[in-house]
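> Here are the chains, one letter per residue:
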Amino acid sequence: MKAYFHELADFVQSLAAEGEVIASGFAAESSDFIRFNRSAVRQATSVRQLKWTLTLIRDGRRVDAATTLSGQGAADRGQLKAMLADLRGGIGEAPVDPYLLYPATPADTERESPGEIPDASEVIDAVLEAGRGLDLVGHYAGGPIHEGFANSLGQRNWQRVDNFNFEWCLYHDRDKAVKTSYSGPRWEADAFAAKMRFAREQLALLGRPARTLDPGHYRAYLAPAAMEDVLGMLCWGGFGLKSQRTKHSPLMRLADGKERFDPRVTIAENTAEGLAAGFQREGFVRPGRVELVRAGLLGDALASPRSAKEYGVETNGANGEEAPEALDLAAGELARADVLKALDRGIYVGNLWYLNFSDRSACRLTGMTRFASFWVEGGEIRAPLDVMRFDDSAFRMLGSELEALTKERDLILQGGTYGARNTASMRTPGTLLRDFTLVL
Amino acid sequence: MLESLGRDFRAIAPAVDFCALRFMEESSELLTVRQDVAEPPRLSTDRGAMVTVIDKGGLGYAATSDLSPTGLREAAGRARRLAGLTAGRSVVDFGAISMPRPTGRYESPLANDPSRLTRREKVELLAGEARNCKIDGRIVDWEASLWTTRTRQAYFTADGGEVEQVFHYLVPNMSATAHADGNTQTRTHAGRGNGYCRQGGLEILESFGLEGSGRSVAEGALELLAAPNCPSGKMDVLLMPDQMMLQIHESIGHPLELDRILGDERNFAGTSFVTLDMFGSYRYGSELLDVTFDPTRPEEFASYGWDDDGLAAQRHHLIRKGILERPLGGAVSQARAGIAGVANTRSCAWNRAPIDRMANLNIEPGASTLDELIAGIDLGVMMRTNVSWSIDDSRNKFQFGCEWGRVIRGGKLAEVVRNPNYRGISATFWRSLAGVGDASTFEVMGTPFCGKGEPNQVIRVGHASPACRFSGVEVFGGAK
Chain A
379 MKAYFHELAD FVQSLAAEGE VIASGFAAES SDFIRFNRSA VRQATSVRQL KWTLTLIRDG
439 RRVDAATTLS GQGAADRGQL KAMLADLRGG IGEAPVDPYL LYPATPADTE RESPGEIPDA
499 SEVIDAVLEA GRGLDLVGHY AGGPIHEGFA NSLGQRNWQR VDNFNFEWCL YHDRDKAVKT
559 SYSGPRWEAD AFAAKMRFAR EQLALLGRPA RTLDPGHYRA YLAPAAMEDV LGMLCWGGFG
619 LKSQRTKHSP LMRLADGKER FDPRVTIAEN TAEGLAAGFQ REGFVRPGRV ELVRAGLLGD
679 ALASPRSAKE YGVETNGANG EEAPEALDLA AGELARADVL KALDRGIYVG NLWYLNFSDR
739 SACRLTGMTR FASFWVEGGE IRAPLDVMRF DDSAFRMLGS ELEALTKERD LILQGGTYGA
799 RNTASMRTPG TLLRDFTLVL
Chain B
71 MLESLGRDFR AIAPAVDFCA LRFMEESSEL LTVRQDVAEP PRLSTDRGAM VTVIDKGGLG
131 YAATSDLSPT GLREAAGRAR RLAGLTAGRS VVDFGAISMP RPTGRYESPL ANDPSRLTRR
191 EKVELLAGEA RNCKIDGRIV DWEASLWTTR TRQAYFTADG GEVEQVFHYL VPNMSATAHA
251 DGNTQTRTHA GRGNGYCRQG GLEILESFGL EGSGRSVAEG ALELLAAPNC PSGKMDVLLM
311 PDQMMLQIHE SIGHPLELDR ILGDERNFAG TSFVTLDMFG SYRYGSELLD VTFDPTRPEE
371 FASYGWDDDG LAAQRHHLIR KGILERPLGG AVSQARAGIA GVANTRSCAW NRAPIDRMAN
431 LNIEPGASTL DELIAGIDLG VMMRTNVSWS IDDSRNKFQF GCEWGRVIRG GKLAEVVRNP
491 NYRGISATFW RSLAGVGDAS TFEVMGTPFC GKGEPNQVIR VGHASPACRF SGVEVFGGAK
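Chains as they are written, first to last, in our numbering: chain A, 379 to 818; chain B, 71 to 550.
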């Protein structure tokens with residue numbers, strides 16, 4: 379696939395006329411998607427897809443077009459040539475773009491992360507065997523993901539990642555379940571078995587009579603999978619330069635100095651240690667680390683090339699949405715083994731679900747507890763919880779009510795598969811909160 | 071092209087119990103003017119096909135963007151292999167399900183083809199309206215956009231079924247944001263989720279009300295900036311169609327999806343508080359509640375002639391006078407559950423397998439005028455335009471927020487309020503439906519962004535509704 383990308387990139391470069399810059403984006407994957415329900419297969423799908431995006435820049439104007447390719451050289455070259463002709467025909471209609479910015483100096487990068495991805499038959503065999511006698515529902519997505527960037531100035535960027543992500547639940551009854559994920563570059567039977575063993579142990583706890591809580595205030599521990607959802611809300615316009623300058627960011631009170639997070643809270647876009655590509659759509663190479671929140675105070679913003687030009691700052695290789703792709707919350711001091719003891723009496727939240735802002739200006743969030751969440755008393759798990767709605771401010775959760783962050787962190791592959799498999803990831807500790815507000 | 075594709079497919083279709091090819095080509099153009107600057111036009115063409123094979127009880131899907139005979143043959147081979155791997159190990163014996171063999175053609179109405187305007191003319195149309203947003207120094211951001219899409223689909227079965235469907239979608243939007251003293255308020259003309267989305271052409275801009283929308287959203291954002299916080303307490307809510315669409319979607323649509331009820335979505339989108347034994351007898355809402363699955367309204371966003379398993383689409387009541395009658399489940403789910411459903415097995419693209427989706431899900435108009443609905447409320451809040459949505463994985467405990475609220479006191483409209491929110495439980499909320507607006511309050515809305523499924527899919531849905539009044543709802547505002 380790499381050779382094919384370079385072949386087409388060279389071809390497109392050869393088409394550039396004087397005064398034109400042509401940029402190309404490439405995304406391809408060969409994926410197996412296997413859905414399971416009640417320890418049987420629901421749907422098995424194999425997808426081969428190649429997508430190419432062309433950007434034509436001329437006289438300060440820019441037009442973008444994306445298309446699917448077949449993988450057949452002659453046909454794809456013909457298609458790209460025709461698409462470029464269409465763009466040339468239409469670029470005169472586009473007004474001059476005052477926020478146009480592209481890398482003037484080529485910066486090549488290459489990253490290959492090969493793996494050993496199991497065949498669909500191995501996955502089906504292993505999962506059905508592990509789920510025998512259980513109510514297992516889950517989804518496996520695996521295969522190579524290829525991304526590339528090229529421009530007619532000669533820049534070439536390439537990344538290949540082989541990985542899989544299997545997320546599954548073991549259900550006790552109705553909405554009581556344990557959710558687990560297993561991802562990586564190679565499937566190892568022992569590692570999968572260990573994850574299944576842990577899930578079965580938690581499943582046994584769900585057999586106890588459930589406890590229904592009254593709305594109110596509780597001590598709480600949010601496990602890393604729950605924190606992924608909380609941090610995900612901050613990523614929704616929180617860290618982008620444009621959203622901060624146009625006052626859309628839910629972190630405006632942090633920017634204005636009216637609120638602050640706890641000094642132990644440091645949040646970074648940690649591209650160097652994530653899985654996402656080290657370059658972005660316009661070809662800017664990302665720095666290894668951008669500190670978004672530094673010791674509780676707002677740090678640098680994620681600046682896409684367009685926003686950088688608009689607001690007169692340097693771009694740091696952010697994507698067009700200015701959303702993190704490798705978010706990293708710094709670790710704390712609490713050992714994970716001591717979490718229940720430190721919580722003493724309160725709720726252990728394994729996962730959260732369907733978060734949204736109930737007041738964006740105040741960074742107030744609402745959402746539901748989900749999957750393995752428990753009532754804890756005397757430092758021991760006593761009962762599974764019936765699902766509860768929370769409504770609380772992130773400035774409290776990561777500020778005044780933050781008692782501790784765990785020493786250990788989880789690297790969570792975000793696993794989204796809208797249109798294509800996502801390589802975004804998040805690394806986060808769990809958090810112990812003095813007070814967490816449940817409302818329904 | 072479709073003729074040759076069908077011919078090529080039938081030439082390579084393997085000798086199996088059932089084989090079908092679903093082709094999809096989607097071309098779109100997104101034009102945006104932000105703060106009086108036109109953003110680069112974004113054009114896209116997405117083209118490919120998926121082969122479905124059912125053999126010896128197993129089911130396999132394979133998608134390819136290579137539409138040559140070689141590409142189709144290779145995809146058919148992959149689908150056949152997966153069918154073999156899943157035979158006897160699937161949730162159901164797929165070989166026992168009778169798959170439709172449809173024939174026919176469907177096309178969206180298109181009174182005023184968007185291609186009649188040049189791209190420059192469309193940008194100028196947006197820019198002219200967006201220019202009216204900057205009416206005050208506190209307006210900090212504004213944006214107008216127009217998203218047009220043409221989708222061509224074809225469905226072939228190896229034994230002669232053949233359907234072609236062509237859809238024209240148009241989604242306009244206009245928004246303005248005001249900021250002062252640490253408070254940011256945004257007012258949109260159709261909701262941040264592109265709620266005014268329809269099938270058709272440029273004629274939609276007229277019913278959308280593009281003319282005047284720039285100034286209107288800017289004034290709306292400033293009005294919210296000056297407004298007090300929404301009051302808290304138990305009171306009535308009067309939900310207008312651009313919030314009702316979200317209420318229908320989350321707390322009727324998703325819980326009635328048969329694949330959720332069967333457990334397929336429990337690892338991601340969730341389950342449902344609805345169980346199979348409820349159909350035919352369960353009181354979902356008050357006697358005023360009539361809900362239809364209606365793919366036959368031509369202008370609504372998710373109208374079609376056949377679903378992606380080839381089942382012919384028909385209008386059905388899902389809830390009649392408050393009683394639950396029928397789920398949202400297509401041919402496969404109906405066979406698994408042993409219950410009649412609707413033609414709603416849908417896929418968002420050529421590279422995703424079809425699953426149960428809600429398509430057009432509407433509330434039928436009632437008998438009350440808007441004035442009568444308002445007059446019937448002693449204390450309550452009228453709410454417009456969804457901005458926040460959250461619901462549990464059984465689709466029961468929800469909390470929704472709107473851009474704009476207006477207090478109703480003593481049967482009369484009073485002050486505008488900001489950050490109106492309300493929460494409730496689906497299983498009891500619809501029973502508190504106390505008034506349903508007549509046809510004069512009815513609007514056709516929808517969203518291009520309904521997420522569900524593994525692998526994930528975002529699909530178009532339509533929701534038409536009159537204004538509706540609910541009594542005794544927990545209402546609250548934003549942070550102090």
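If you are wondering where the hints come from, they were derived from the structure by calculation, not from laboratory data.
The model shown is predicted, which means the values in this text are computed figures rather than measured ones.
Errors might be hidden in some of the hints.
As the list claims (entries may be wrong) - Here are the computed lysine to any residue pairs in the SDA-like style, where the Cα-Cα straight-line distance is at most 25 Å:
(1) A:K429 x B:T115
(2) A:K429 x B:A437
(3) A:K380 x B:T140
(4) A:K429 x B:V528
(5) A:K429 x B:V210
(6) A:K380 x B:R117
(7) A:K459 x B:L100
(8) A:K459 x B:S114
(9) A:K429 x B:R112
(10) B:K482 x B:A437
(11) A:K687 x B:V210
(12) A:K785 x A:E579
(13) A:K636 x B:L295
Unchecked claim - Have a look at the derived ranges for each label pair, beta carbon to beta carbon:
(14) B:F519 x A:G690: 46 to 56 Å
(15) A:E755 x B:A166: 42 to 52 Å
(16) B:A166 x A:D722: 33 to 43 Å
(17) B:D163 x A:I759: 36 to 46 Å
(18) B:R80 x A:Y796: 26 to 36 Å
Claimed, not checked - On the chain A side, residues computed to face chain B include the following (Cβ under 7 Å):
(19) E471
(20) V474
(21) I502
(22) Y796
C-beta: ideal position from N, C-alpha, C; glycine also.
> For every hint, state whether the structure bears it out.
Evaluated hints:
1. A:K429 x B:T115: Status holds; Cα separation ~10 Å.
2. A:K429 x B:A437: Outside the cut-off at roughly 51 Å; violated.
3. A:K380 x B:T140: At roughly 22 Å apart (the allowed maximum being 25 Å), T140 of chain B and K380 of chain A satisfy the hint.
4. A:K429 x B:V528: It holds: about 18 Å lies between the C-alpha atoms, which stays within 25 Å.
5. A:K429 x B:V210: violated (36 Å)
6. A:K380 x B:R117: The given pair, whose Cα atoms are some 22 Å apart, holds under the 25 Å limit.
7. A:K459 x B:L100: Holds - the C-alpha atoms of L100 of chain B and K459 of chain A are around 22 Å apart, at most 25 Å.
8. A:K459 x B:S114: Within the cut-off at roughly 15 Å; holds.
9. A:K429 x B:R112: holds (15 Å)
10. B:K482 x B:A437: holds (19 Å)
11. A:K687 x B:V210: holds (18 Å)
12. A:K785 x A:E579: holds (23 Å)
13. A:K636 x B:L295: holds (19 Å)
14. B:F519 x A:G690: 46 to 56 Å: Given a distance of about 33 Å, which is not inside 46 to 56 Å, the answer is violated.
15. A:E755 x B:A166: 42 to 52 Å: holds (51 Å)
16. B:A166 x A:D722: 33 to 43 Å: violated (55 Å)
17. B:D163 x A:I759: 36 to 46 Å: holds (41 Å)
18. B:R80 x A:Y796: 26 to 36 Å: holds (32 Å)
19. E471: At about 4 Å, which falls below the 7 Å cut-off, the nearest Cβ of chain B leaves the hint on E471 of chain A intact, so it holds.
20. V474: violated (9 Å)
21. I502: Holds, about 6 Å.
22. Y796: holds (4 Å)
Of the hints listed earlier, those the structure fails to meet are numbers 2, 5, 14, 16 and 20, in rising order.
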